[in-house]
Structures are given as structure tokens and as C-alpha cells.
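A.B. asks: Generate coordinates for the entire structure from the input sequences, incorporating the hints supplied.
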Amino acid sequence: MKSSSAARSGVSRRGFIAGGAAALLGAAGGVLGSASVANAAVSYAKVPKLPGEVSRTSDLRTKAGTLYESIDVSILGDMARIFVPHSAPPNKYAWVPVVWFYHANNSSYTSLSSAFLYGAEPAVDKGAIAVCPDYAGATAWVSAPAVRAQTNAVAYMNSLWRIYYSFGRSNSGGGALMCWAFGNNLLPRQQGMYLASSVYDMMDVYTRGPSRVGPAYGYDLEAIQATNPATLPQSSWTGSRIRASFNPDDQTVPPQQHAIALLTLAQPVAVETSYITHDGGGTATGHTVPGWVHTDMLKAFQRWANL
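Every number in the working numbering is 2 more than the matching position in the sequence shown, counting from 1.
Be a bit skeptical, because a hint or two may be false.
[Stated by the list, open to error] Here are the computed lysine-lysine pairs in the BS3-like style, where the Cα-Cα straight-line distance is at most 27 Å:
#1 301 / 65
#2 94 / 128
#3 65 / 128
#4 65 / 51
#5 128 / 301
#6 94 / 51
#7 48 / 94
#8 51 / 128
[Stated by the list, open to error] Label pairs and their calculated CB-CB ranges:
#9 235 / 141: 25 to 31 Å
#10 217 / 186: 20 to 26 Å
#11 96 / 67: 17 to 23 Å
Don't read these hints as lab results, they were simulated from the structure.
Please read all numbers here as calculations on a predicted model, not as lab measurements.
Just so you know, even glycine gets a beta-carbon here, dropped at the ideal spot from N, CA and C.
C.D. replies: Right under this line is the structure:
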């Protein structure tokens, strides 16, 4: 493993590649035990019923023993899953950190309980709320409905909690919406974001596979560019904190066009731009998210703020 960071000093794209030569890392973070259920019955004793609530699993317990509720809500028609620790019921007076998760393409809000579980539960152990909206569906990318779902989710969370910090974590295709949200300062008191093998430049994705992206935008190139985070100016990243993990040889989301491009642009004005590399885990395309990414993400969040 090699890790590198830069803060307010010139770094070339070639420098990012050369400084981040890949090395094999074990997926230790992916072999943790899953959440256990202390009580299968639905309970509103610790966390009251939320607006738009559809269902919940009560009294889940993290590996560390923290009790929380897993609650599915409908936010103006867009589903979202929220992990609420018993220590952080809705409260407009007490500060609480929130981690926003951005699911991969062809995934959904239920990723909070699968792909993101081993990052979300340790955040819950720290007293944070974890939330993963559906963002208008599995293949909405950064289309108008996806952006609208994001802004609606922010309004919903703000209506219930006094958000101390917002952190972001994306997998793969979810990175584009996360970058758009952070680059436009859409999240309350946003503190930093973590991209795991994630998309940044939507036009690059469209060029590589028009049928993957086109339907969400009606094959309108102007619409794709209108919310393409790669079009945001450098000033959008002033004061930002960005960390990325990627395989330099990823064929699905080539880091030169995505993570490295973003880090290079943001680095002169950001508080932190850093990255860590992996070898792709033996996958055919080199596109994967190793289990240790959850631990690396949490270390970054704790470095950036009090999580």
C-alpha cells in the first residue's frame, strides 16, 4: 500500500500516478461480523417514528455494541435508509455528525446495509447518523431527478437534526453526484468527502459507454454537462478535504480522468487532497472497492473533524 497527500502545493497528474504505485492490501475491513438484532420487534422508544417512515428494524447492535435503528423513509417519493443511534434521536438543539453515502450505479439505498455496512456501523459507534438516499434510482447519475433527491434529502435531515458536520462517501458511479453536491456546497456544514474507485467526470463515462449514461439524460449532452462535476471551477474546491482510493489500472473508472483529475484541480486551493492505491484485487477490469477502504475512510473523517 502507498498513501500520499498534498496540501496547497503543486502536484502533477503524473506525480499522482508515480507517487501512488499500487500494492496488494488484504480486505480486512470486509470480514467483520454483521449487525446483530437485540430485539426483532419494532420499537419507537428510543427513536420516534420519523416523517415518511415506511419500515424499520429496531435495536440493531454494531460489533462494538452500539444500539441503533435502521429506518427506511420516503422523502417526497425517494427512498432513503437511515441508521440512527439510540444516542441521537431527532433533536434540533444537540449537534450530530452525518455521513452521507452515495451508492454505486445499479445499486440502491439498501447499500447502507450491505456495501456500506462496515463503514456505516463504526460511524454509528462514534455517534454519527448514516444516511443513504436512493438518489432517484439505480442509474440516475447526476440527472435533474438525482440532484433534486439530494436537495430534498438535505431538507429532510435538516428538519430533524442539528447537523454538526457532513461527511461524504461514494462507491463507483455514486462519486459524480457526491462531487456535484460537495462542489456546490449542497450539504450542511460539509467537512470532507471520500471517493472509493469513484466517478468524477460524467462526460468521460458517457464517452466510454453512452448506453450506460444516456437514458438518464434523454441522451442530451447539454444536460449531462450541465451537472457534470468536472465542469466546476477550481474555486468550488476552496477549503475542501478530499481523499480517494483507487487502482491506477482501473479500466472502468480510469483515475487519470476521475480521482486524479479532481485531486489535481483541487489541490492548490484545498485543505487536504490525498489518496491511497490498491491493485484491483485480481478483478478483470481492476475496478473494485477493497474492504479496508472503510477503515481508511473513518480515519480520514476523524482527521478532518471530531467524529
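A.B. asks: For every hint, state whether the structure bears it out.
C.D. replies: Here is how each hint holds up against the structure:
1. 301 / 65: 18 Å, holds
2. 94 / 128: Holds, at about 19 Å.
3. 65 / 128: 13 Å, holds
4. 65 / 51: Holds. Residue 65 to residue 51 sits at ~25 Å (cutoff 27 Å).
5. 128 / 301: Holds: residue 128 and residue 301 sit about 12 Å apart, inside 27 Å.
6. 94 / 51: 16 Å, holds
7. 48 / 94: Given pair residue 48, residue 94 holds - Cα atoms ~16 Å apart, limit 27 Å.
8. 51 / 128: Given pair residue 51, residue 128 holds - Cα atoms ~23 Å apart, limit 27 Å.
9. 235 / 141: 25 to 31 Å: This hint holds: roughly 28 Å between Cβ atoms.
10. 217 / 186: 20 to 26 Å: At 24 Å between Cβs, range holds.
11. 96 / 67: 17 to 23 Å: Since residue 96 and residue 67 have Cβ atoms about 22 Å apart, the given range 17 to 23 Å holds.
Of the hints listed earlier, there is not a single one the structure fails to meet.
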